[in-house]
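Participant: So the sequences go chain by chain: A, B, C and D.
Residue numbering for the first sequence follows numbering that gives the first Met the number 0, beginning at 0 and increasing consecutively.
Residue numbering for the second sequence follows numbering that gives the first Met the number 0, beginning at 0 and increasing consecutively.
Residue numbering for the third sequence follows numbering that gives the first Met the number 0, beginning at 0 and increasing consecutively.
Residue numbering for the fourth sequence follows numbering that gives the first Met the number 0, beginning at 0 and increasing consecutively.
These aren't lab readings, by the way, just hints derived from the structure by calculation.
Hints should not be assumed to be uniformly reliable.
Said to hold, decoys possible - Facing chain C, from chain B, some residues (calculated, C-beta under 7 Å):
| hint | residue |
| --- | --- |
| 1 | Thr-49 |
| 2 | Leu-51 |
| 3 | Ile-63 |
Stated by the list, open to error - If the Cβ cut is set under 10 Å, some of the chain D residues that face chain A in the computed set are:
| hint | residue |
| --- | --- |
| 4 | Leu-158 |
| 5 | Glu-162 |
| 6 | Val-480 |
Unchecked claim - Keeping only pairs whose Cα atoms sit at most 20 Å apart, straight-line, the calculated DMTMM-like set for lysine to aspartate or glutamate is:
| hint | chain 1 | residue 1 | chain 2 | residue 2 |
| --- | --- | --- | --- | --- |
| 7 | D | Lys-179 | A | Glu-465 |
| 8 | D | Lys-582 | A | Asp-320 |
| 9 | A | Lys-389 | D | Glu-177 |
| 10 | D | Lys-639 | B | Asp-96 |
| 11 | C | Lys-90 | B | Asp-96 |
Each residue gets a CB set at the ideal place from its N, CA and C atoms; glycine is no exception.
Spelled out, the chains give:
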Amino acid sequence: MELLTNGTGLTAVVFLPLISALVLTAIPKSQELLIKGFALLSSIVTFIISALLLPQFDFSNADKLQLGNKISWIKSINANYEIGIDGISLPLLILSTFITVLAIIYSIEHLPEPKSPKGFLALILVLETGMNGTFVALDLILFFVFFEIVLLPMYFMIGIWGDKTVRTVAGFKNQIETRLYASIKFFVFTLFGSAFMLLGFLGLYYRGNRTFSIPELIELGTNGAFTGTFAMLVFAVLFLGFAVKVPMWPLHTWLPDAHTAAPTVGSVLLAAILLKLGSYGFIRIAIPILPEQAKAWAPAIAILSAIGIIYGSLACLAQTDLKRLIAFSSVGHMGFVMLGIASLTPIGINAAIIGMVAHGVITGLLFFLSGSMAHTYHTRDMGRLGGNMKLLPKTGALLGFTAMASLGLPGLAGFWGEFMALLGAFNPLDGLNVTVFRGSMVAGAIGTVLTAGYLLWMLQRVNLGEPSDEWNEMELHDADGYELAAWIPLVILTILIGVFPKLIFGATNDAVVSLLSKAFGG
Amino acid sequence: MIVQPVLVVAAALFSIGIYGILVRRNAVMVLLSIELILNSVNINFIMFDTMLADTMMQGQIFTIFIITIAAAEVGIGLAIVLMLFRNRQTANINEFDLMKW
Amino acid sequence: MEIFEVVVYFILLALLSTSIRVVTTSNVIHAAISLVFTLALTAILFLMLSAEFVALVLILVYIGAVIVLFLFGIMITRAPLGKNAELDNDKNKKLGALISGSIFFLFSYILINGFDGEVVVLSGSSTELLGEILLSRFVFPFELVSFVLLAALIGGITLARKDEALVDKDQI
Amino acid sequence: MVKTSINLFAEGEIVYTDGGILAEFAWVLVVLPFIAALIITFIGKSLPMKGAEIALATIGIIFVYSVALMFLHITQGIANEFFINVGSIGQFDIEFGWVVDGLSIMMYFVVGLVALLVFIYATNYMEGEIRYTFFFTSLTLFAGSMLVLVSSPTLIQILIGWELVGVCSYLLIGHYWEIKDNSSAAMKAFITNKVADVGLMIGIIILALNTGTLRISEILYQATHDYPAIKDVAFIAGVLLFIGAMGKSAQFPLHVWLPDAMAGPTPVSALMHAATMVTAGVYLLARMFPFYQGIASEALDIVMLFGVITLLTAGLIAVVQDDLKKVLAYSTVSQLGYMVAAIGSGAYTAALFHLWTHAFFKALLFLGAGSVIHAVHSNSMLEMGGLRKVMPKTFTTFIIGTVALAGLPPFAGFFSKDEILASFNHEGETTFFFIAVLGAFITAFYMTRAVSLTFLGEYRGHGHPHESHTMMTTPLVILAVFAAGSGWVNIPGVYTGFTDWVTTRKTPIIEYHPESFDLYALGLGLAAGLIGIALGYYLYQLQGSAETGDNKIKIEPIWTVLENKYYLDDFYFKFIIDPIKLKLAKAVDVFNTNVIDRFVNGFGQLASFLGAIIYNNIDQNGIDKVLNMSSSGTDNFGGKVKLLQTGRTQQYLMLFLGGVVTISLLILFII
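Just chain A, with the same shape it has in the complex (with noise of 0.2 Å):
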């Protein structure tokens, strides 16, 4: 127990992937079901410690930093190996374990062309390093290296597995492939963010003792000691990196592509975890580091968020494309999130925080549905489809499930995130221009609207109606063994975040209060 308590643990949550991944790729490639059952183990294993570590989180104190420890790294720039988790993390940190082994899963019997399970294995496995990590580093540099390790595997899943269907993009003479064109555009933008984001850490190193740690950056910076223009350029760069991730409006427009082109898992991944990166930033590095700079652009955030929500609902109605509507529905619900946090309330934040993992959860099973589909239907294109709950029932059940859990159906997780956000942004914190809050409050609230709206006709011309002839001839298989284990323990989850919360608001809850008020006194 010792072992879990001390760092050990938590370093092997991080580090257990990446070593997998780096025995799996000295195995020999005829070695297939090895690969595979190698590559589920370690997930699995990575998970058990993971949830080993929930009993040894002390709940009642679960606004300090836990489990982790300090190690020296770089000593010239005075970058530490610091780790630790809080109410805030551990939610999103057993998120990423888990959603890695329904991931690796479903992969077993469904990879994408071409085959080769070692290396698409290994990718899950490093990316789950990276996300990992991003969740416990409690350094700046640290936090920078696992958001960036992120990039590279997603990179080279959408840019080898990805969609091959060549297509015209606005303002380019030549046709390009989807999967390249979408892999570049995810790459180079969030690498965009990132570069100014890294200035930032960089900014607040110099202005800051000359420190990367997290914890000591939050006691410098809620006693004041980042002020004027300076605070503020570190903020809006922060922001660049962080709102490039999330996505917010209207930095999100790599998030469709990306999510089209890549292969199933890839974009369940991408859905489920990689946008939690960006708002966890705001959450964990933004806000409580600059808490004066975070009031000043409350409101900017808010209208963004917003115009995000409006916007990506509007963009989803107009969508034929199942895979590139549900990458667009994650615009608005994202923005659900941002209006959270921008609200700058324990009611917000916590809201923002269950928004992410039901988000995740529900949207990364969405994807997981629509990426089987079409597969099993070898298009994407909503007018072809049509009956699908006769063709594929189970499939089209679920779907159906998860389109109510994603509309935010009370009693499925979905809704407290939207529902908090907006009880959030009603009241938002002392000092923020009411008019503008409940302005998007009310964007918010006609967003939900809309969110059924998109939803409900998606399962129309889905799921219902009279199947079309072309497919009287093809062979359609229904959901596997595979595919339902690995999407049933979500429907489990959304059912069981949505009718008990607290599972989310038991860990987060003091974690967020405490956070704001040294943020925000009070």
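Here the structure of chain A is known, so what remains is to put chains B, C and D in place on it, guided by the hints.
Facilitator: Using the frame of chain A, we list chains B, C and D on its own:
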């Protein structure tokens, strides 16, 4: 008996051997020059043995060993030269430039 | 100066001249013969330094066996008997002389400085003692050397055998 | 499981108990349907009745439990609530729970009874239909969701039940989703409700933030005890909550989904219109009634206004409908208008009383209509007629329902409608009172029209209709008994038990209780009903003919307006839905691909253009040249140095020794 002249002559033998190795074109002649070098070493050993009056007589024993090894070396060396000659029909070592760029 | 030392000096001088002849003569056979003289003079020197066993070994092994080998080698490689202008590599001569001269200078400088005025006191015959030591304390290296000889024997035979496998046909 | 911590004292009027163990285990009512739905989903198909038996057993247990609660309630009065904390967020406790008091017990009973009868009816009605098992899953969930709603002690649970009901209605309305119209109707129901839910959601948010709690009882306590924070927002919150209620209880102008919802199978319509879903709005208003009465009385005026508008407009549309189910649907809308208007006028008991009686006779009418439709395989009344001979049981029960709806004594509708009219009269709302009387006349008229076209005259349809199975007629008979007698529980001056039932709750209800019949209202209402029946019978039975139906009495242009439902649907589609879906969404998509994406791509192109310039001019001809030169220099140098590699051993040795000598000389003489 003075030591210095003997040692200097041994050094001279060594240098002459080097000269032979560097200048001779015939492989057998090169091997002969190597014998000269070995001989100079033998002289040194014996000289030092006598000078130090070593009770274990290590100088002499080493000289015996060197002679033995030299014999072996000559055997192998000539065999190699023979092989080369068979392959190239010459013993001129300037012809053996396989290591050239 | 005793007569003994005079003899030694004389021998040393002879050594020098015969050894120089080994590397300068343009006749292969002469070179070999000169080497015989060099070795013989060395053996005499050893005798005078009361290392009679080594001197005998030298004569037996070198003059009796090695030189014969050399002569066979010369014969088999069809080296032109008699004067041969081609024997030396003329391009290397100057440089070789310079280098060997430098080495000689270097060595002699060190030796003259290091052994200034050192004198040897000669003792009597030592062969009996040598035999004892060789077969007691140094018996193991002794045996090892015999193995080396054996290996060289086998190696020499293997290399020199006219084996088709070892002949590079492309080169012929 | 946390019992309520603050005791909201009832201020002395009604004595009640905590309900003991029966109340403590009332959560069974809520949880059971969901478990049953799970069981039906997974093993339903393999059972002999394909899952219907589990649904029946579940709803049977619920009914029995509700009867037990009802009995206990009548004998000793129960008011209690229970909370379970499911999470804390900021200063809010998010709690679920269940409330056991007069209002909710009444609803449990109504839901239990109507659902039980509808389920029994449906086992036969739906026999051989597609997705039989799934139908019962949804139906069970529907009942369960309604129970979640009516048992909720917190606003958040109300919201949950609210939306769950919406989803279940979506599933059930769209039961025959192979046909696009049906799935569109389901979507319409869901989205219309969702629009209204936005109001409810914001209303809840406002209330929660201004009271610091989500518990209904605490909010009501604050509303009745002069808390300033809630007072400031009372009006807006009241209106917003009412907007939510407008969606579920189909008030004008958000009633459009309800007639379309007839696309679902008839048992669904019966359940939805009688006991679940549409009563949710009325229930919410009743639950929050002390709040409205205490500090949001201006909002009540709006409630009443919309209620009255609804009761009139919907009633008028019902007159022109040819589809039997649609007549009943608009009738429901109209009756809901009565209930809402009653709440608006402050007549809490009257509204709930009408909800109570309406549940029975409307369920009866729908099931009767279902029986007819089952027999003639058509919804259109123009293809019916003369069915009283072949379907005597259905006819008799349908007539009882009609009379109850038209408000003739001694049937249930008479008492409840009279109480509403009396309340209007008492409040002095003369205009609204007369509109309500007019509504009563219209109700009687269109019901008589429906009966005439369906049962009287000659048969105009195809095939040979016959009486339905006993499984279908038995519920009709039972409901007929309730339609006839359920009004007798609240006869002014005789027995007013119902008033006591529904006013037994933690927050007191202050309202006008009629001590005796208001003869003025009673007389006018009765007269309106009788005239309506007489006119209807005259026009459609004596004047009309079997072949032409009602084509004779069309009054243009009112008829066209009514047949087009006041062009409300067209308005919504033309001005709201189509612009959003076709224009705005397209515009956004075009904006996305052609503006933002083009910008991003342009950025990329600019970068690659700059890159090309830099590459060609600086990189290739600048840096690269230097690099290339350095590499070619290396190449040249190497070319020269390699000449050293002659392969001649002697040369190598010479170089080596030369080096050794040089270094040695250096060491010896210089360093």
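Participant: Of the numbered hints stated previously, which ones are contradicted by the structure, given in increasing order?
Facilitator: Checked against the structure, the hints that fail are numbers 2 and 6, while the rest are satisfied.
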